[in-house]
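These protein sequences, in sequence, are chains A and B. For the first sequence, the numbering used here assigns the number 1 to the initial residue and increments by one for each residue that follows. For the second sequence, the numbering used here assigns the number 1 to the initial residue and increments by one for each residue that follows.
Honestly, the hints are just simulated from the structure, not real lab data. Just so you know, not all the hints are guaranteed correct.
Since the list can't tell identical chains apart, any single copy or any two copies may satisfy a pair.
[What the hints assert, rightly or not] List of simulated lysine-lysine pairs, BS3-like, C-alpha gap at most 27 angstroms: (1) Lys-148 with Lys-171; (2) Lys-171 with Lys-77; (3) Lys-168 with Lys-77; (4) Lys-77 with Lys-101; (5) Lys-60 with Lys-101; (6) Lys-60 with Lys-171; (7) Lys-148 with Lys-101; (8) Lys-168 with Lys-60; (9) Lys-148 with Lys-60; (10) Lys-77 with Lys-60.
All figures in this text were calculated on a predicted structure; none of them were measured in a lab.
2 protein chains.
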Amino acid sequence: MLEQFLHLVRTRESVRQYLPDPVHPEQVERILEAARLAPSACNAQPWTFIVVNDPEIRNKLADATSNKLIGLNHFTKQAPVHIVVVMEPANLTSRIGSVVKQKHFPLIDIGIAAEHICLAAAAEGLGTCMIGWFHETTVRNVLSIPAKSRPVLIITLGWPANEQPREKRRKGLGDIVRYNQYQSG
Amino acid sequence: MLEQFLHLVRTRESVRQYLPDPVHPEQVERILEAARLAPSACNAQPWTFIVVNDPEIRNKLADATSNKLIGLNHFTKQAPVHIVVVMEPANLTSRIGSVVKQKHFPLIDIGIAAEHICLAAAAEGLGTCMIGWFHETTVRNVLSIPAKSRPVLIITLGWPANEQPREKRRKGLGDIVRYNQYQSG
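Chain A extracted, bound-state conformation (with noise of 0.2 angstroms):
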């Protein structure tokens, strides 16, 4: 089975040319089935997922991923959804942890809870693309997210304009693996 998983991971990338076929709404709540199952640090959950598909709305927040003059993110547009990953405060324990630790735990669960989406989509011959650079406070207003909260990610979601996947450029095994030391040998 683990085969299976492998397969799921080396299929799922990048997608930055979309269909304009619409997503099935159970289909992105079956996804977010899989989001709200992921594990997180304490088991605080501190996420908020904001389905946009009302085609304005998504508009205006292609605009905030998109950068006329650095030619970013254009196909943000062509995405029939975009799922906002939004970063709540922790629970208490996450909390101290974080500050004890001095690591933001929230953003590790962050990460886990949208590749859970972004696999899951995968799944389903869904493309998507994890986006995390735009401009926030657009954002933030577009969608009325309170100040408590921070939108993270925006996971565009869509059917995928090219059907056969590329190869990965991945560091190899031997440069990212040690065995009981950092320094190997």
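Put chain B on the given structure of chain A with help from the hints.
Chain B only, in chain A's frame:
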């Protein structure tokens, strides 16, 4: 195929009781292959994975994750393998993004890669537990991790002593999903 992924997501849980049986090095490698293929901001791949299977070093690590006073993580000595997820400095594009957008993308990336490990392990019937709360200086010293790099998570890996997965305590979809606006309704 989404059902298969949802099944995997439901299967994965934090395992805190392990059998003494060893995990095959080839299995560990295949699990790490899933982490190797994980996406990251600007494809920075800001990670090193230290596989600790030497009993003596593993016990020292386990001491860094358990706390006799408050009874935290006593189970870590049972797990035959620990995978220490080390965060590396990101590439330039990701670093600029982290500064300009004031969010530390490598922490998100670490969450994604760590969850690939846990899901891949679950697909093999193996149990994992992500631990973020440990004595960082001890871990750093035991594994000779240089100052530029940071151990963020320790994942215990082994055969679960209990085969029956627990029911997950999670918020409902209605509590975490909104449509087109942060405030529903």
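Results for each hint:
1. For the identical chains of this complex, Lys-148 and Lys-171 are inter-copy neighbours only, at 19 angstroms across copies versus 38 angstroms inside a copy, given an alpha-carbon limit of 27 angstroms.
2. For the homomeric pair Lys-171 and Lys-77, neither the shortest alpha-carbon distance inside one copy (32 angstroms) nor that between copies (31 angstroms) is at most 27 angstroms.
3. In the homo-oligomer, the alpha carbons of Lys-168 and Lys-77 lie at most 27 angstroms apart inside one protomer (25 angstroms), although the nearest pairing across protomers, at 36 angstroms, exceeds that limit.
4. When the C-alpha separation of Lys-77 and Lys-101 is checked against a cutoff of 27 angstroms, the pair qualifies only between copies, where the shortest distance is 22 angstroms, while the shortest distance within a copy is 40 angstroms.
5. Proximity of Lys-60 and Lys-101 under a CA criterion of 27 angstroms is satisfied inter-copy only: 19 angstroms between copies versus 38 angstroms inside one chain copy.
6. In this assembly of identical chains, Lys-60 and Lys-171 lie within 27 angstroms of each other by CA distance neither inside one copy nor across copies; the values are 37 angstroms within and 30 angstroms between.
7. For the homomeric pair Lys-148 and Lys-101, the shortest alpha-carbon distances inside one copy (22 angstroms) and between copies (17 angstroms) are both at most 27 angstroms.
8. Taking the shortest alpha-carbon separations for Lys-168 and Lys-60, neither the intra-copy value of 31 angstroms nor the inter-copy value of 37 angstroms comes in at or below 27 angstroms.
9. For the homomeric pair Lys-148 and Lys-60, the shortest alpha-carbon distance inside one copy (22 angstroms) is at most 27 angstroms, but the shortest distance between copies (40 angstroms) is not.
10. In this assembly of identical chains, the alpha carbons of Lys-77 and Lys-60 lie at most 27 angstroms apart only when taken from the same copy (9 angstroms versus 52 angstroms across copies).
Consistency with the previously given hints fails for numbers 2, 6, 8, ordered from lowest to highest.
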